[in-house]
Structure formats: structure tokens, C-alpha cells
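*Asks:* Sequence:
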Amino acid sequence: MTVFRAILIFLVTTLLSISGFAQSISDLQRSFQQPPPDARIMMRWWWFGPAVTKPEIERELRVMKEGGIGGVEVQPVYPLLPDDEKAGIKNLPYLSDEFLDALKFAAQKAKELGMRFDLTLGSGWSFGGARTPIDQAAGQLRVERMKVEPNTTRVPLPALIPAEKLLAVFAKNSQTTNSDRFDDRVDIGWYAVNNIHDDAFWLPSSTRPTDVMVFISGKSGMQVKRPAFGAEGYVLNHLDKPSAEGYLHNTGDRLFQAFDKATIPYSIFSDSLEVYNQDWTDDFLAEFQRRRGYDLKPFLPALVTDFGPPTADIRYDWGRTITELFNDNFMVPVEAWAKQHNTKFRAQVYGLPPAAISSNRFADISDGEGAQWKVVRAARWASSANHAYGRKVTSS
Numbered sequence: 000m001t002v003f004r005a006i007l008i009f010l011v012t013t014l015l016s017i018s019g020f021a022q023s024i025s026d027l028q029r030s031f032q033q034p035p036p037d038a039r040i041m042m043r044w045w046w047f048g049p050a051v052t053k054p055e056i057e058r059e060l061r062v063m064k065e066g067g068i069g070g071v072e073v074q075p076v077y078p079l080l081p082d083d084e085k086a087g088i089k090n091l092p093y094l095s096d097e098f099l100d101a102l103k104f105a106a107q108k109a110k111e112l113g114m115r116f117d118l119t120l121g122s123g124w125s126f127g128g129a130r131t132p133i134d135q136a137a138g139q140l141r142v143e144r145m146k147v148e149p150n151t152t153r154v155p156l157p158a159l160i161p162a163e164k165l166l167a168v169f170a171k172n173s174q175t176t177n178s179d180r181f182d183d184r185v186d187i188g189w190y191a192v193n194n195i196h197d198d199a200f201w202l203p204s205s206t207r208p209t210d211v212m213v214f215i216s217g218k219s220g221m222q223v224k225r226p227a228f229g230a231e232g233y234v235l236n237h238l239d240k241p242s243a244e245g246y247l248h249n250t251g252d253r254l255f256q257a258f259d260k261a262t263i264p265y266s267i268f269s270d271s272l273e274v275y276n277q278d279w280t281d282d283f284l285a286e287f288q289r290r291r292g293y294d295l296k297p298f299l300p301a302l303v304t305d306f307g308p309p310t311a312d313i314r315y316d317w318g319r320t321i322t323e324l325f326n327d328n329f330m331v332p333v334e335a336w337a338k339q340h341n342t343k344f345r346a347q348v349y350g351l352p353p354a355a356i357s358s359n360r361f362a363d364i365s366d367g368e369g370a371q372w373k374v375v376r377a378a379r380w381a382s383s384a385n386h387a388y389g390r391k392v393t394s395s
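With the first letter of the sequence shown counted as 1, position 50 gets the number 49 in numbering that gives the first Met the number 0; the numbers rise by one all the way through.
Rather than coming from a laboratory, the hints here were simulated on the basis of the structure. We put the CB at the ideal spot given by N, CA and C, even for glycine. Some hints here could point you the wrong way.
Derived DSBU-like pairs (lysine-lysine); straight-line CA-CA distance at most 35 angstroms [to be verified]:
{"hint": "1", "residue 1": "K146", "residue 2": "K338"}
{"hint": "2", "residue 1": "K146", "residue 2": "K85"}
{"hint": "3", "residue 1": "K164", "residue 2": "K240"}
{"hint": "4", "residue 1": "K240", "residue 2": "K260"}
{"hint": "5", "residue 1": "K103", "residue 2": "K260"}
{"hint": "6", "residue 1": "K260", "residue 2": "K108"}
{"hint": "7", "residue 1": "K146", "residue 2": "K110"}
{"hint": "8", "residue 1": "K224", "residue 2": "K338"}
{"hint": "9", "residue 1": "K64", "residue 2": "K296"}
{"hint": "10", "residue 1": "K110", "residue 2": "K338"}
{"hint": "11", "residue 1": "K85", "residue 2": "K64"}
Per label pair, the in silico range of CB-to-CB distance [to be verified]:
{"hint": "12", "residue 1": "S395", "residue 2": "P35", "range": "12 to 20 angstroms"}
{"hint": "13", "residue 1": "A191", "residue 2": "P81", "range": "35 to 43 angstroms"}
{"hint": "14", "residue 1": "S383", "residue 2": "T52", "range": "14 to 22 angstroms"}
{"hint": "15", "residue 1": "P34", "residue 2": "K103", "range": "47 to 55 angstroms"}
Make a model of the complete structure from these sequences and hints.
*Replies:* Structure below.
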């Protein structure tokens, strides 16, 4: 009797499990056929020009809605054609009243259609543009190398462009007599040149050539890529809080004048970081001292040449400091700005300057860039970060 009852219980449990499994499969199939609004795919809606009109905005939204699209992410980008009155083409200047009116209309129509509305908090990528001055543009450590002829004591400093600052000059006696070849072999013989004035530096007289490196806190000069008409300009300095906050005020606040409480974007979007050569900011030496506990200035040559045993540790500390500055001076201010404006911060947190997987903790929604099933790329960090922080949604 006991065996019989055990078998009966097993059979009943198995049948119920199979029934429940079939039911869950059926529910899953129905959810794919008629997905809920928050599970529908979205469209990256690029406004070329932006040469948009209200009739076309409404038409495209309705077409997307009918096609099962759940929402849009507006991104104004470069013009395809110049203004042409006969063809009805007019590129609306970015952040102009006309542009904001079109943005307002799009948000209202999306709301009426029950579609999610997201907004890239800029034009092109990375953030920056016409309202980003040179002193708030992406920074770069500029290193000028030179070989000084024997018995030369006075050497003119390299010319500095606006917003650049001299950091240090280092020299060492060259191990080669070839005046055309800079000797960058391992050598701890680099010494700081302190006699600097009148746009020049002075070296002790030497019968051998002298190798010199001049370190400058500079600007990369990088421009926003694919900007809309009127959005051209420098990429901002992601390592500098005044630069990020200035951008949020000048661009973000202006964009949000297009919305009211009912049409505020579900999220603001920051595209992947592609700020090439951004490895410095004006207060980097002070921040490095505060965060790492020692002065980087005497070890600057280690960033660009083999400085012996401490080289790897110095470069690690340098990279770690860049990541921390990116988190503190860009991610945190944007996250705070989003909360103040009752929206979410969605971001592709990878690229240059070097973000870390942990940088995703400052974004409300981590965004990837394609599935990349067969290769491990930074674009997959979003899902890794969400697993680490217990988040259920990863967008891509």
C-alpha cells in the first residue's frame, strides 16, 4: 500500500509538472505574439539634420506603433542635404526654438500612442558641442620629445595652444651619438629640469646629446562626431566636474524645456564613450596625490617610456585614477541631474576614457551594443554589471 501510494503521488506530481510546463510554454508563446509594452523593441530614431516636420514625425510614429515598436530614442545627427525650400528641406538648428517645438510635438504624440520616449542628451557622440568651450574640452597629456645637440644650454619650450599648461620637463644624457634618434631604452637617468623661465629651459652643458621630454596638460581637440546642424564643437572633458555640469546646464536644461510633467522622457541616453586620447585633466596631479597618496610628477616619464621596475605600478595607479575621475565627475553628476529631472539615466558605459564594469552602478539602465554572442567585448559589460548589481533589465 505504501509503495502504491508513493507511485501514485509520483505520477500525479509528474503529470502536474508536465501540465504546468506546457502552460508556461503556452504563456511564453503568447507573450512573444503579443508582448507587453515594456517588452517591445524600441527604435533608435535618428533625426538627420534635424530636417524634421510635424506631419512626418507623426507619420513615422504611427508606422512604428503599427509595426509593434514599443518606443523611440531620439538622436539628432548630421544633415543629409542642405536646406532646399522647393524640396521642403529645412535643417532646424540644434537647441533652437524650432527644434524644441518639434521635440515637444514628438514627445506628445508618443505619449498619445502609448509609446516610450527616450532622448539622447546631446547630438552625435560623445557629449559636447558648440556650448563646450576649449577650457572644458577633452584633456590629453601631450608629450613633446626632442634631442638637444651637445653643449646646448638654452632650449625654447614648445608653443602652447590656448588652455594648455606646462607640467614638467625631464632630461637625461643620451646613450647614442645619433642626433636623429631619441634614446628611449630603459634608463633611470631621467631628471627633472627646474631651470625654466622666459619660454625656455636651461640644461647643464654636456659633450653628449641630451634627450628631453616636455609634459604638457593639453587638449585632444576632439570634435563631436556626427553632430546635427548647430551642434558642432569640442567633446567635453569627462574627467572634469565643471565641464559635465556646464554641459548639463547649457544643453540638458535647454532640451528639457520641450517637456512637461506628462511628457518627460522615460530616460536620457549616453552613447558609448569614444573620447580617444582623453587621459588627462588640468587637476590630475592634485587628484592623483589625493587618491593614490604620492606625487606623480617625478614619475611622469613612466607613463610614456620604460622607467624600470615601478613602471607597471605607476601606470596602474594612473589608469585607476582616470576611471575614478570619470565616475565622480561625469557619471555621478549625470545620474544626479537625471533624478532631479524625474527621468532615468541609461548609458553605454564602456570605451575611452576607461570606464570599469563597476561604473555601471551609476546608471539606472545599463545599455549594451549588440548581442556579440561569439566574442567577449566591452559591449557585453552591461549584462555582467546587471548580474553583479542584481538588476533585471539590460537594454541593447
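*Asks:* Does each hint hold? Answer for all of them.
*Replies:* Right, here's what the structure says about each hint:
Between K146 and K338, the direct Cα distance comes to roughly 53 angstroms. Violation of the 35 angstroms bound is thereby established for this hinted pair. Restraint check: the Cα-Cα separation between K146 and K85 comes to about 61 angstroms, which exceeds 35 angstroms; the hinted pair is violated. Of the supplied pair hints, the one linking K164 and K240 holds, its CA atoms being roughly 19 angstroms apart against a limit of 35 angstroms. Proposed proximity of K240 and K260 is supported: the alpha carbons are some 28 angstroms apart, at most 35 angstroms.
A distance of roughly 12 angstroms separates the Cα atoms of K103 and K260; the hinted pair therefore holds under the 35 angstroms criterion. About 15 angstroms separates the Cα atoms of K260 and K108, which keeps this hinted pair within 35 angstroms; it holds. Only pairs whose Cα atoms come within 35 angstroms are accepted, and K146 paired with K110 is rejected, the gap being roughly 65 angstroms. Taking the CA atoms of K224 and K338, the gap is near 27 angstroms; set against the 35 angstroms cutoff, the hint holds.
About 58 angstroms separates the Cα atoms of K64 and K296, which puts this hinted pair outside 35 angstroms; it is violated. Between K110 and K338 the alpha-carbon distance is near 21 angstroms, which keeps this suggested pair within the 35 angstroms criterion. For the proposed pair K85 and K64, the alpha carbon gap of about 30 angstroms is at most 35 angstroms, so the pair holds. Take S395 and P35: their Cβ atoms lie about 18 angstroms apart, and the range 12 to 20 angstroms holds.
Separated by about 54 angstroms at the C-beta atoms, A191 and P81 break the suggested range of 35 to 43 angstroms. As the Cβ distance of S383 to T52 is approximately 42 angstroms, the hint placing it in 14 to 22 angstroms is violated. A C-beta distance of roughly 29 angstroms is found between P34 and K103, which places it outside the suggested range of 47 to 55 angstroms.
The structure is inconsistent with the numbered hints 1, 2, 7, 9, 13, 14 and 15, although it conforms to all the rest.
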